[in-house]
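J.: Using the sequences plus the hints, can you model the full thing?
Those protein sequences? They're chains A and B, same order as listed. Start counting the first sequence at 1; every next residue gets the next number (UniProt numbering). Start counting the second sequence at 1; every next residue gets the next number (UniProt numbering).
In short, the hints are calculated from the structure, not lab data. Note that beta-carbon positions come from the ideal geometry of N, C-alpha and C, so glycine has one too. Among the hints, a few may not be true.
Okay, the calculated bits of chain B under chain A, using three or more residues with CB under 8 Å as the criterion [as the list claims (entries may be wrong)]:
| id | segment |
| --- | --- |
| 1 | 9-19 |
| 2 | 25-36 |
| 3 | 47-59 |
| 4 | 65-72 |
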Amino acid sequence: MEQPRTEVAVDAPRGWDRAVVTMPVLAFLSLIGGQLPSYTTRANVYTICLGGSMVWLGLSGRVRRPLLAPLGPGTAWWLLPIGIFGVFEGSTFLLGTPEYPTFSRLADPLLEDELVRSAAYFAWLTTFWALVRR
Amino acid sequence: MSLTRAIAIAGFVVAIIACAVVEVLARRKDSTIPTLGEVCAHAIAYEVGRVPIGRIGFFGFWWWLGWHLFAR
Chain A
1 MEQPRTEVAV DAPRGWDRAV VTMPVLAFLS LIGGQLPSYT TRANVYTICL
51 GGSMVWLGLS GRVRRPLLAP LGPGTAWWLL PIGIFGVFEG STFLLGTPEY
101 PTFSRLADPL LEDELVRSAA YFAWLTTFWA LVRR
Chain B
1 MSLTRAIAIA GFVVAIIACA VVEVLARRKD STIPTLGEVC AHAIAYEVGR
51 VPIGRIGFFG FWWWLGWHLF AR
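T.: Rendered as structure tokens:
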């Protein structure tokens, strides 16, 4: 027997909401962010303003996409990587020694290089954009 | 490098590799495992009443993560 079809009304994508437009913009913003060293007012203001803009876009629902199919039974597999990461991040955070560093303490020396910092900034922003569009 | 530091690095590397492996398995045809993006989409859609708890939680965490890595 044929199942009834559920139809979902979706707004047409906005002209600027395309990868060819958003990716260069995010890359440009990442290059600027990569030039700003940590522990400076400029870096704080820039990151807080960029993140705040993303949160505003995400909560206003301007670029939201409809939900797809429900999750299958294989979802539990994601607990494996999340669990491993959680165990190490939790234990390193609780012990708090330089000889058993957290993920961010391991990343800090790598992020001192401007190119790596810009690339990481780009990864952060594009992931943020992907979350906002969900 | 001390043994504990090597253990911490190895643990995070294993977690990242496991994440990549599950994502690759999820992208196979007819896989019952959802992709990370699909899991996030469902978690983000969680609401209590009219309050978008999932969106607030995800966006807040990602905002804090960027500030933690690039500004503080």
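J.: For each hint, tell me whether it holds in the structure or not.
T.: How the hints compare with the structure:
1. 9-19: Coverage by chain A holds for the segment 9-19 of chain B (8 residues, Cβ < 8 Å).
2. 25-36: holds (count 7)
3. 47-59: holds (count 5)
4. 65-72: Held - the segment 65-72 of chain B has 8 residues with a Cβ nearer than 8 Å to chain A, which meets the minimum of three.
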